[in-house]
Amino acid sequence: MDKRISLRIDKIVEETSSVKTFCFSSPIDALPGQFIMLSDLRTGEKPFSISSSDSNGFSVTVKALGPFSSGMFAFKTGDFLSIRGPFGKPFDLRKGSILIAGGGVGVPPLFFLARELKKAGTEVVFINGAKNSDELIFKDLINELGINQIIMTDDGSSGKKGNAAEGLLNTLNESDFDAVYVAGPEGMLKKIADIKTDTYMELLIERYMKCAVGICGQCAVDPSGIRVCVEGPVFNQNMIRKLTEFGVYKRDAAGRKKYFEKAFSK
Amino acid sequence: MDKRISLRIDKIVEETSSVKTFCFSSPIDALPGQFIMLSDLRTGEKPFSISSSDSNGFSVTVKALGPFSSGMFAFKTGDFLSIRGPFGKPFDLRKGSILIAGGGVGVPPLFFLARELKKAGTEVVFINGAKNSDELIFKDLINELGINQIIMTDDGSSGKKGNAAEGLLNTLNESDFDAVYVAGPEGMLKKIADIKTDTYMELLIERYMKCAVGICGQCAVDPSGIRVCVEGPVFNQNMIRKLTEFGVYKRDAAGRKKYFEKAFSK
Amino acid sequence: MFTLDSRLKTDFLGSVLKTPLLLPAGVMGISASSLLYAVQSGAGIVTTKSLTLQPRKGHDGPVISPVEGGFINAMGLCNPGIEFGIKEISEFKIKSFVPVIASVFATEPEGFVKLTEFINDSEADFIELNLSCPNVSAEYGVPLSSSPVIVEEVVRAVTDISKIPVIAKLSPNVPDIKLLALAAEKGGASALCLINTLGPGMEIDINIGRPVLKNIFGGMSGPCVKPIAVKLVYEASSVVKIPIIGLGGIMTGADAVEMLMAGASIIGIGTGIYYRGMDIYRKVNNELNEFLMKKDFKHIDEIKRINIDG
Amino acid sequence: MFTLDSRLKTDFLGSVLKTPLLLPAGVMGISASSLLYAVQSGAGIVTTKSLTLQPRKGHDGPVISPVEGGFINAMGLCNPGIEFGIKEISEFKIKSFVPVIASVFATEPEGFVKLTEFINDSEADFIELNLSCPNVSAEYGVPLSSSPVIVEEVVRAVTDISKIPVIAKLSPNVPDIKLLALAAEKGGASALCLINTLGPGMEIDINIGRPVLKNIFGGMSGPCVKPIAVKLVYEASSVVKIPIIGLGGIMTGADAVEMLMAGASIIGIGTGIYYRGMDIYRKVNNELNEFLMKKDFKHIDEIKRINIDG
Ligand SMILES: Cc1cc2nc3c(=O)[nH]c(=O)nc-3n(C[C@H](O)[C@H](O)[C@H](O)COP(=O)(O)OP(=O)(O)OC[C@H]3O[C@@H](n4cnc5c(N)ncnc54)[C@H](O)[C@@H]3O)c2cc1C
Ligand SMILES: Cc1cc2nc3c(=O)[nH]c(=O)nc-3n(C[C@H](O)[C@H](O)[C@H](O)COP(=O)(O)OP(=O)(O)OC[C@H]3O[C@@H](n4cnc5c(N)ncnc54)[C@H](O)[C@@H]3O)c2cc1C
Ligand SMILES: Cc1cc2nc3c(=O)[nH]c(=O)nc-3n(C[C@H](O)[C@H](O)[C@H](O)COP(=O)(O)O)c2cc1C
Ligand SMILES: Cc1cc2nc3c(=O)[nH]c(=O)nc-3n(C[C@H](O)[C@H](O)[C@H](O)COP(=O)(O)O)c2cc1C
Ligand code: FES
Ligand code: FES
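Sequence lines, in order, name chains E, U, W and F. Numbered by the working numbering, the letters in the first sequence go through residues 1 to 266 in order. Numbered by the working numbering, the letters in the second sequence go through residues 1 to 266 in order. Numbered by the working numbering, the letters in the third sequence go through residues 1 to 310 in order. Numbered by the working numbering, the letters in the fourth sequence go through residues 1 to 310 in order.
Some hints here could point you the wrong way.
Lysine-lysine pairs mimicking DSS-like chemistry, simulated, CA-CA at most 27 Å apart [to be verified]:
no.	chain 1	residue 1	chain 2	residue 2
1	E	Lys-95	E	Lys-242
2	W	Lys-178	F	Lys-178
3	E	Lys-11	W	Lys-294
Don't read these hints as lab results, they were simulated from the structure.
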């Protein structure tokens with residue numbers, strides 16, 4: 001879709017008390033890992049990963065965080081939202097046996113990915129990480145795919161105790177995989193990107209975005225200036241490791257560097 | 001072609017002392033009866049019927065008349081001309097046995113038509129009219145098509161004596177045809193359009209043109225306002241007969257009515 | 001029951017229009033016949049080519065060239081002159097009840113006053129002052145509508161003597177349209193027409209190394225000018241009370257809705273004829289009606305500037 | 001032997017550019033890294049995002065929307081502020097010899113003077129005065145470059161103290177660019193940059209019934225503005241002697257040739273990055289070189305304003 005369009009919300013699924021999935025019944029030509037820019041034309045416009053897409057339509061899954069995402073919770077079926085996209089480089093779908101690890105709002109794009117891999121007949125293990133069982137999302141949907149789901153919660157209230165990064169490390173030690181796909185908070189991604197492994201790995205990262213079409217420079221990352229909205233948001237492990245700012249800082253809306261808390265650095 | 005382009009003149013054929021054919025070796029997606037707007041970007045821009053077109057390129061055939069067309073005679077192979085088009089409704093190619101009658105610069109578009117009809121295996125009689133043998137054009141080209149060519153000159157210096165209209169009338173009386181296609185000066189067209197016949201007939205007419213894309217209104221004809229550049233320049237006999245101005249007047253560049261000399265009216 | 005007819009029928013300065021779609025000046029409007037063609041294709045009101053005191057053959061060709069998303073054109077105000085022009089209006093009026101706007105062009109107030117005297121003796125329903133032709137700058141310099149003072153002066157001079165309502169057609173090529181819209185209103189204009197062609201622009205053929213248009217410059221029209229047209233109608237309608245004819249790049253019913261939401265009262269379609277045929281008026285009428293129907297609106301007036309400022 | 005390098009290498013205000021292609025202000029230019037990315041993609045000179053005295057996060061989204069033939073955008077001059085900005089310039093300069101233009105924005109002469117003091121202490125090669133941002137009118141009214149008097153005043157105030165050449169970036173949204181070009185030259189500008197974004201324009205979503213951009217209005221860029229950019233460069237270059245950076249909708253080598261023929265000395269490419277990737281600079285360099293080669297030109301300077309006035 002080259003133009004901005006407004007679409008009727010056709011279904012809203014409450015995943016948890018702070019996460020909702022918004023479904024639109026117009027098809028969009030999207031691949032797993034790609035995102036749309038979503039706006040109410042009042043509060044703002046933000047990037048959201050596509051959490052499913054087929055010939056019947058597509059969905060995005062939103063966690064209430066700040067003004068925009070919380071504002072989304074006031075919308076009802078039948079309301080219209082303004083949409084641009086899809087944007088970004090999707091995951092490179094490999095064959096063989098695949099390991100997926102997602103934490104928080106990293107799970108929705110990975111669910112879309114798992115579904116497409118499953119459609120292609122690929123074997124998938126999905127590590128689904130959350131703070132606690134209340135924040136766990138897509139558990140049933142992933143089970144319905146008939147794939148091996150490993151649930152991790154920080155407090156052990158569901159599945160194993162630990163975070164998705166730990167779950168991934170354990171699983172990688174236990175079995176061989178042809179590719180690993182990861183999405184989630186930067187702290188988690190950083191730990192995983194630092195793993196020394198020969199397995200092909202792709203990670204979906206987030207940076208502040210404005211234009212999403214590669215011209216405003218807002219999401220350009222150091223040191224090469226490549227744009228997360230065009231050359232990303234999915235990068236392979238080698239590329240991620242070259243990003244000197246990854247896990248260290250990101251830029252705010254004004255373009256200033258904002259350093260992550262200590263926890264994120266090695 | 002949606003955009004204006006400039007093309008190199010690849011070949012110039014001197015048809016007579018006052019008629020030249022300009023050939024371009026870029027293909028254009030054109031049908032017989034359509035025209036292009038041709039400009040040197042200095043003197044003006046004028047409509048010219050396409051006199052041939054295939055996958056190797058196309059040509060237009062220009063008679064030196066006023067400033068623009070005479071100016072064209074200074075151009076040499078390798079020079080560039082600015083071109084828009086093709087424009088207009090082409091001839092509706094019928095099957096069966098076909099009669100074509102052209103006078104003066106009406107002959108070039110009809111040559112293109114005859115060639116296409118011949119390609120489709122249709123039987124064609126071509127009446128080629130000119131003032132005198134010096135002004136006769138495309139005689140050899142038409143012969144090469146292997147069709148029946150009847151040459152008419154006003155002074156009898158070549159072929160039969162008489163004009164194309166008379167030639168057409170005689171031929172129509174002698175044999176039956178499935179369709180008749182005519183192009184030439186308005187006086188000739190008027191005489192032919194007035195013929196009472198059941199044979200399907202199409203005529204290519206000329207009106208002052210500026211935009212050629214149907215928005216400036218310059219070529220709109222009375223009483224319906226239809227545009228020669230879009231709904232024409234080819235009209236069937238019924239439609240032509242409804243044009244109250246046909247054979248009576250045409251509009252000049254300012255939009256004023258200019259009446260034809262007496263000779264043209266019934 | 002609400003129908004296409006009841007939803008789209010609209011009042012414009014006291015005249016009832018069957019549809020809110022207008023044929024703008026200079027597009028197809030040379031002759032009575034071409035105005036009639038637009039009416040028969042679904043236009044609810046038509047405008048003549050801009051008429052001048054003397055006939056003008058206009059610029060030599062090329063007078064038009066396609067560009068990204070539209071055209072640049074410099075017809076050069078070709079027209080048969082006011083005397084011949086009002087005859088075409090009479091001829092049109094024999095065959096149609098649809099209101100006609102007589103567009104006129106001059107370079108100073110006196111010229112406009114003389115033209116108005118002719119129009120007073122004609123059957124035109126409205127007079128539109130073309131204060132904004134961007135294509136005769138070699139002859140006349142920047143358009144009159146670059147200056148609020150001149151706009152007010154010309155409009156006042158004409159309204160003082162005109163027997164019919166006066167419409168001021170303004171230029172988009174100004175830093176602040178609000179000043180010009182207010183000046184026209186203050187001068188006594190009954191309505192505004194926005195926008196005339198944009199720029200002008202220019203194209204150079206790189207093989208020939210020459211400007212493509214004989215006039216070098218040409219005003220832009222078509223889809224590419226729509227964002228600017230919508231913006232200017234929105235701005236003007238936020239400061240004036242008189243109705244606005246909104247035009248510039250309107251192609252679809254959705255575009256027409258956008259223009260109404262921006263604050264236009266009726267909508268012009270010119271270059272759109274190229275993209276969707278003369279039938280564009282009928283198509284847009286239908287699309288407009290469908291939109292209103294789907295959204296449960298009874299009349300186009302209900303969407304004028306809707307929500308926009310909320 | 002003539003090569004791409006020898007044909008395209010060009011002098012700009014005493015600096016030698018490897019290629020005549022420029023990354024314009026606000027496109028990709030937030031950080032040292034993004035400037036570097038443009039250089040590595042074939043740009044011969046780069047411009048920073050317009051820097052202001054204080055950091056600005058810019059407008060809330062949507063800040064951009066696709067329109068026919070381009071985009072409307074209202075970023076709202078988001079930038080990290082002059083202090084942080086000149087640090088990014090230093091970082092860039094560690095890694096590259098390519099000249100950098102520091103673009104600055106203020107609302108009055110004093111602001112520009114203060115910014116110039118910062119730039120004087122920086123490693124920037126040129127300073128560009130953004131006198132023409134159309135997207136902050138809610139805050140600041142019409143752009144400074146709507147008035148020749150103000151343009152001259154601001155440019156003079158800056159040139160009086162600047163240690164490096166001053167470029168004036170002008171607005172296309174004026175009735176007569178010549179007056180503004182002359183004013184900038186008189187004020188002491190060493191070069192002009194034409195054009196900033198057009199309009200601005202506006203888009204309304206008809207289902208939501210709201211303007212699409214949070215700022216309501218947004219300047220137009222991309223292929224649809226090219227005819228107007230070419231025209232304004234042509235007009236400006238007919239009255240001033242200083243070089244002009246020509247930009248607005250340049251996508252191809254042919255477009256670049258057109259801009260050079262219109263009178264530009266070097267060529268900016270911004271929105272084109274969307275259509276052809278960051279690699280557009282390399283592509284256009286190659287296309288430019290091929291054109292020159294085919295037509296037997298030895299250097300881009302040979303086609304500057306060629307034939308046009310003949
Ligand atoms: C490629 C990509 C995919 C994303 N997918 C999802 C998703 O599927 N589900 C989901 O809930 N969220 C997703 N996000 C995050 C989302 O875009 C918002 O950042 C989030 O909703 C918070 O916005 P807010 O205005 O409500 O909160 P705020 O309080 O304004 O911001 C909270 C945090 O979000 C980040 N953020 C704010 N605005 C933006 C922006 N314009 N672009 C990027 N980050 C921003 C800031 O870094 C800030 O730390 C994605 C972000 C990116 C870049
Ligand atoms: C559909 C169409 C097809 C044509 N095909 C050919 C062709 O194949 N070969 C050919 O030699 N000529 C053709 N013509 C005529 C051609 O366009 C010019 O009219 C002719 O070349 C004379 O132009 P001039 O400027 O040299 O002469 P002028 O002295 O300016 O004009 C001579 C006559 O040409 C007519 N004319 C001038 N300008 C135009 C114009 N812009 N549009 C239409 N008529 C005009 C005028 O009515 C005038 O009577 C065609 C015209 C039309 C409308
Ligand atoms: C070929 C052409 C001729 C025009 N002639 C005139 C004219 O004579 N007077 C006038 O006021 N506007 C004239 N215009 C401007 C149109 O009336 C209209 O304002 C403009 O084209 C924008 O609308 P559009 O994009 O729907 O065409 C002309 C436009 C075109 C394309
Ligand atoms: C996203 C975006 C941001 C821009 N920011 C600035 C800016 O900060 N300062 C400025 O002078 N011009 C800015 N511009 C204008 C460009 O520098 C350029 O003048 C304009 O886009 C026309 O060129 P283009 O069509 O090649 O993009 C911006 C343009 C875009 C698209
Ligand atoms: S968000 Fe603008 S370049 Fe990526
Ligand atoms: S030449 Fe303009 S409408 Fe036919």
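For a quick check of understanding: which of the numbered hints are violated here, in increasing order? none
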